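First to last, the protein sequences are chains A and B.
Counting from 1, position 31 in the first sequence corresponds to residue 31 in our numbering; the numbering is continuous, with no gaps.
Counting from 1, position 161 in the second sequence corresponds to residue 161 in our numbering; the numbering is continuous, with no gaps.
Keep in mind that the hints were calculated from the coordinates and are not lab data.
Treat the numbers as computed from the prediction; the structure is a model and nothing was measured.
Among the clues, some could well be false.
Label-pair distances were calculated between CB atoms; the ranges are [as the list claims (entries may be wrong)]:
| no. | chain 1 | residue 1 | chain 2 | residue 2 | range |
| --- | --- | --- | --- | --- | --- |
| 1 | A | L52 | B | Y73 | 49 to 55 Å |
| 2 | B | P208 | A | Y32 | 52 to 58 Å |
| 3 | B | R243 | A | W36 | 29 to 35 Å |
Computed footprint of chain A on chain B; a stretch qualifies when at least three of its residues, placed anywhere within it, have a C-beta under 8 Å from a C-beta of chain A [said to hold, decoys possible]:
| no. | region |
| --- | --- |
| 4 | 67-77 |
| 5 | 83-93 |
Every residue, glycine too, gets a C-beta built ideally from N, C-alpha and C.
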Amino acid sequence: VNSTVTLGIIGSAVVLVALFELLRRQRLREKYAVLWFFVALGVLAIAIFPGLLTGLADLVGVALPVNLLFFLASLFLLVLTLQHSYELGRLEEKTRVLAEEVGLLRLELDIARRQAEPDESSG
Amino acid sequence: MTQFTSRPSYAAAMPRVLVIVPAWNEQDALAATIADVRATNPDVDILVVDDGSRDRTAQVAADSGALVCRLPYNLGVGGAMRAGYRFAIRHGYDVAVQIDADGQHDPQYLGSLLERLDGADLVIGARFAGEGEPYRVGLMRRLAMTLLARTLSRMARTRLTDVTSGFRVANRRAIGVFAAHYPAEYLGDTVESTVIAIRSGCTVTQVPVQMRVRQGGQASQTPFKAALYLCRAVIALALALVRRWPDVPSPEPARDPAREPTREELP
Chain A
1 VNSTVTLGII GSAVVLVALF ELLRRQRLRE KYAVLWFFVA LGVLAIAIFP GLLTGLADLV
61 GVALPVNLLF FLASLFLLVL TLQHSYELGR LEEKTRVLAE EVGLLRLELD IARRQAEPDE
121 SSG
Chain B
1 MTQFTSRPSY AAAMPRVLVI VPAWNEQDAL AATIADVRAT NPDVDILVVD DGSRDRTAQV
61 AADSGALVCR LPYNLGVGGA MRAGYRFAIR HGYDVAVQID ADGQHDPQYL GSLLERLDGA
121 DLVIGARFAG EGEPYRVGLM RRLAMTLLAR TLSRMARTRL TDVTSGFRVA NRRAIGVFAA
181 HYPAEYLGDT VESTVIAIRS GCTVTQVPVQ MRVRQGGQAS QTPFKAALYL CRAVIALALA
241 LVRRWPDVPS PEPARDPARE PTREELP
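Generate the whole structure from the sequences, applying the supplied hints.
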């Protein structure tokens, strides 16, 4: 067993254990869990059967298999980051709406209170 | 329907006007601004949207007898104004006015802005339109403002000289648009909101006004800042032009701008 295989197995094992733990503590939505699960499986598969990567590199015509790996990995991270930016913007818009509604509800409460006791503190 | 100010009965036929004052840490200027609006326009309701201030802004506003909407944290002018427009629509106001808390908008002009609502949905109180002393700005800033004004004038098919002015008056139709879509981005409360109004079919026009010196500090004008302003203005304009906005009507039943107020809603 050479060192790349060991590294790959350790890496994917760490990801899988972390995934399981995060899911168990309900800190991770399953859509991301599924994503990372398949990433970990992929790393594991390539670590155990390096032939998969070289075969794929031959197929698409990449001379160095490791370059294909880096290319795919960075592409994956780029798309994931973009997706996170999108989610972040959506969440921010949602919290903005909530904040506005909270402010308006407090105002409605003030108005209702003032109308309930018209004699007291009308300003 | 809720009525917040006591008003003589002859005023019942007049449009209900809500003045929205977005305020962020404006405790020093706010009281004078509110008093000024009151003195010049006694029949309007005033809503101060406290945009997460750390000072006594909300307290000052409440002491002045204004309605106060306290936002839990700072959202920027865009968020504050959208909250204001939502309040206006829920309480059946016919007209919503935006006035800055720092006192640079002279409420004396409010009457002439309101008059122009006859032929328009959104009326902007504009500097550079010939009223009084010229408003002094640097070269870069003026360049940015000219670019924005030219583009928006072409879109609106009318002459707009000052689209970055925050002094504006909206009727029910425009309130409906803004309550649904009010941009949070930089310059969104002025440039982009005007673009949205035009693209949703609102008629936009302007009335010349004279701005006053801010009661607070003057914004510093270094060349670098002015250049930055130009860049951001161009980006904001480009975004506003290409952005796809969802159709305006109407997640809430009360948002239909064409709807006439029912008997109960009339004060």
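Hint-by-hint comparison with the structure:
1. Taking 49 to 55 Å as the suggested C-beta distance range, the pair L52 (chain A) and Y73 (chain B) conforms, at roughly 50 Å.
2. A hinted range of 52 to 58 Å for the beta carbons of P208 (chain B) and Y32 (chain A) is consistent with their spacing of about 56 Å.
3. Our hint of 29 to 35 Å for R243 (chain B) and W36 (chain A) holds, since their Cβ atoms are close to 33 Å apart.
4. Three residues within the 8 Å Cβ limit are the bar, and the region 67-77 of chain B against chain A gives 8, so the coverage statement holds.
5. Counting residues of the region 83-93 of chain B whose beta carbon lies closer than 8 Å to any beta carbon of chain A gives 4, which reaches the threshold of three, so the coverage claim holds.
When each numbered hint is compared with the structure, no violation occurs for any of them.
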